[in-house]
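J.: Each chain, written out:
There are 2 protein chains.
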Amino acid sequence: MIEPTATNLKAPVSGQFQNDLFLRAALGAATERPPVWLMRQAGRILPQYRALRAGFPDFKVFVKTPDAAAEATIQPVDELGVDAAIIFSDILVIPEAMGLDYEMVEAKGPRFPKVIEHEGDVAGLVSGANAAERLAYVYEALRITKRELAGRVPLIGFAGAPWTILAYMVEGGGSKTFSKARRMLYAEPALAHKLLEKITDSTIEYLKGQVAAGADLLQIFDSWAGELPPAHYRTFAVPCLRRICEALPEVPKTIFAKGAWFALEDLSALPCQVLGLDWNTSPAYARKVMGGGQVLQGNLDPCALYADAASVEAETLAVIRAFNGHHIVNLGHGVYPDTPLESVRTFVDTVKAYRYA
Amino acid sequence: MIEPTATNLKAPVSGQFQNDLFLRAALGAATERPPVWLMRQAGRILPQYRALRAGFPDFKVFVKTPDAAAEATIQPVDELGVDAAIIFSDILVIPEAMGLDYEMVEAKGPRFPKVIEHEGDVAGLVSGANAAERLAYVYEALRITKRELAGRVPLIGFAGAPWTILAYMVEGGGSKTFSKARRMLYAEPALAHKLLEKITDSTIEYLKGQVAAGADLLQIFDSWAGELPPAHYRTFAVPCLRRICEALPEVPKTIFAKGAWFALEDLSALPCQVLGLDWNTSPAYARKVMGGGQVLQGNLDPCALYADAASVEAETLAVIRAFNGHHIVNLGHGVYPDTPLESVRTFVDTVKAYRYA
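Here the protein sequences come in this chain order: V and H. Following numbering that gives the first Met the number 0, the numbering of the first sequence begins with 0 at its first residue and continues without gaps. Following numbering that gives the first Met the number 0, the numbering of the second sequence begins with 0 at its first residue and continues without gaps.
Simulated from the structure, these hints should not be mistaken for laboratory data. The beta carbon of each residue, even a glycine, is placed where N, CA and C say it ideally should be. Any given hint could be a false lead.
Lysine-lysine pairs mimicking BS3-like chemistry, simulated, CA-CA at most 27 Å apart [unchecked claim]:
| id | chain 1 | residue 1 | chain 2 | residue 2 |
| --- | --- | --- | --- | --- |
| 1 | V | K179 | H | K175 |
| 2 | V | K175 | H | K113 |
| 3 | H | K175 | V | K175 |
| 4 | H | K193 | H | K145 |
| 5 | V | K193 | V | K145 |
Short derived list, chain H residues pointing at chain V, Cβ under 10 Å [as the list claims (entries may be wrong)]:
| id | residue |
| --- | --- |
| 6 | K63 |
| 7 | E105 |
| 8 | G225 |
| 9 | A259 |
| 10 | S281 |
Listed next, with one range per pair, are the computed distances between beta-carbon atoms [stated by the list, open to error]:
| id | chain 1 | residue 1 | chain 2 | residue 2 | range |
| --- | --- | --- | --- | --- | --- |
| 11 | V | A321 | H | A283 | 20 to 30 Å |
| 12 | V | G119 | H | P339 | 21 to 31 Å |
| 13 | V | R43 | H | D57 | 32 to 42 Å |
| 14 | V | V125 | H | A106 | 47 to 57 Å |
| 15 | H | A356 | V | A29 | 46 to 56 Å |
| 16 | V | A128 | H | D337 | 34 to 44 Å |
| 17 | H | D57 | V | R146 | 53 to 63 Å |
| 18 | H | P188 | V | Y353 | 23 to 33 Å |
| 19 | V | K287 | H | E249 | 33 to 43 Å |
| 20 | V | A28 | H | P112 | 48 to 58 Å |
| 21 | H | G98 | V | A29 | 35 to 45 Å |
| 22 | H | T176 | V | E341 | 35 to 45 Å |
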């Protein structure tokens, strides 16, 4: 068994949680089985969520209604019996709080009517505590969730990584290539650094607010990490992640940098406790290049859940055995909205029935 | 210097080309400088192309007009002085020849009105020589190009890799996740294998036709390789690539599997002479995991060409030095359509002025 990461974190206070498996595993303890949760578990895979959501005119109103966000957060704990809850929200609340509004276009994704192009656009952004104070609705959702969970499982808070947030703010939405955002790193590196600094300042204050409101662990999603060449990821992305990790010593942190296989060595040098892996990246490769002793999270291909129950069970067991401990089971990406609920149940139940030898 | 791949290929006949640098490098010979060309060099970056294309009602009519395709193929040789021409066409001519028609939607990409879902859809596809004979317009474009080039530089033929073609045929177009196509590999693996076999049969006959019409090297584009988990890439994608390579022993072959860093060891075991690298994958990593002695092609980030001339030159030189021989210079992806032509020129000229120590 790999040694837990050196940390000033304490193990969860005995009795604080009815099920503290997720936090114990994140802190590097040997556990009887791996914990399990799913990225995007609070959302469209659950009929309860779809019913709740139908009462709201759009996604953003829903996200900004703390009672509804809390209810959506708890639904998968009730319905699936996962070992952790993750607050229902969106990584794009940060650009919005910084003054860059977005629309969520049904079935298409986010769109920013105005994007960041020039020095003046960056200068005009709100940042740090001034941005974070606009996100009181998220803190309130966390407080309600924490109270309603009543210690059943730990609660995960989250934010987008600064590079990924920059990508949306410059690109104006999703993209096949994110070439406008990547262009800025080559053509205007000083402006990119300035924008990243403002995003990082805001994200740190936002995550402090989440911890104060009850988040037990923080996950940073770097969804577009895989678009950058290794040298740019090291120069533009990793230093922001380091600042975030160092600013939040009181809770364990997970970094999920999708597609950033080439940066795992750098990421493992950060003061975080867990690294998420996408479904391309084997634990054998990850452990070979990692310097740190991080716990790994992942990495079943979300498409594996489209197969029949026997296949879902076999693929899930294969993942558990490939990691063989020091592991939090998850998918290698957010669960796709059209995934059959029965498959998700089989996935979770297979993990929960497993025992390490 | 790495030893050339064992091959039954002959070096280009002396005097057949005025500039045979590209072929000599592809065959593993030591060269005075690396050759250079760009994926998508024949296309929208050139004003000559945009003028030529304006005379046609749509992309597909253009592709099916051999004189026009030949002219577009030669334009970058005239304008940029690249060391190879690549036939102007599209990887989706294969699904169309197999009976699955597509539309090219301006600024959005391809769309298939009908997609492959069931056994019957696969059974109904035309394949092998019957599909390839529908692509006479491509062979004619190659013959015209070959005649007009008159030996100035070698001519590259190409096709999509079977997994990438399956992805379009099942998904019906581009996609953020290709989850429908990936679903088939989990939920209906036998059907996926059957479809891949038909695509591979057709691709082999198509590439034989390209060689007969004058293609001097063949490149296989596996654009969506990076979407697959390593085990699926090994099971579903690599065997098709092996069949293609083995069926075409008479010309050198390049495989560019974007995002397939995890499969480089398998790919290097194939009887091909060149492996393309995307901008995430360093030559140091590639050479460490490769068993074969393939020449490498790539891998400047296309976004590097958005910067100023001094930066383009510096980034280009950094790529040449990182590979340090046994290398064909290219981008790590197709050149983006809005790339400044002057940057492309700086990129090409920087390579052409370079000499290995």
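J.: Need the status of pair K175 of chain V, K113 of chain H: alpha-carbon distance at most 27 Å?
T.: holds (23 Å)
J.: Quick check: does the Cβ-Cβ distance between V125 of chain V and A106 of chain H fall within 47 to 57 Å?
T.: For A106 of chain H against V125 of chain V, whose Cβ atoms are near 34 Å apart, the range 47 to 57 Å is violated.
J.: Holds or violated: K193 of chain H and K145 of chain H, Cα atoms, limit 27 Å.
T.: Roughly 35 Å separates the two Cα atoms, so the pair is violated.
J.: Would you settle whether the hint for G225 of chain H is holds or violated, based on the nearest Cβ-Cβ distance to chain V being less than 10 Å?
T.: holds (7 Å)
J.: State, for the Cβ atoms of A28 of chain V and P112 of chain H, whether the hinted interval 48 to 58 Å holds or is violated.
T.: Given a distance of about 55 Å, which is inside 48 to 58 Å, the answer is holds.
J.: Given the hint that K175 of chain H pairs with K175 of chain V, test it: the Cα-Cα distance must not exceed 27 Å.
T.: Holds. K175 of chain H to K175 of chain V sits at ~7 Å (cutoff 27 Å).
J.: Just tell me: holds or violated, for the beta carbon distance of K287 of chain V and E249 of chain H against 33 to 43 Å?
T.: holds (40 Å)
J.: Take a quick look at whether K193 of chain V and K145 of chain V sit within 27 Å of each other, Cα to Cα.
T.: Violated, because 35 Å separates the two Cα atoms, which is more than 27 Å.
J.: A closest beta-carbon separation below 10 Å is what the hint needs, so does S281 of chain H meet it against chain V?
T.: Holds. Min distance 6 Å.
J.: May I ask you to test the hint 35 to 45 Å on the CB atoms belonging to G98 of chain H and A29 of chain V?
T.: Because 57 Å falls outside the window, the suggested range is violated.
J.: Take the C-beta atom of R43 of chain V and the C-beta atom of D57 of chain H, compute their distance, and say whether it sits inside 32 to 42 Å.
T.: Once the Cβ atoms are compared, 37 Å apart, the range 32 to 42 Å for D57 of chain H and R43 of chain V holds.
J.: Cβ-Cβ distance between T176 of chain H and E341 of chain V: within 35 to 45 Å?
T.: violated (21 Å)
Checked against the numbered hints listed earlier, the structure breaks hints 4, 5, 6, 7, 14, 21, 22; every other hint is satisfied.
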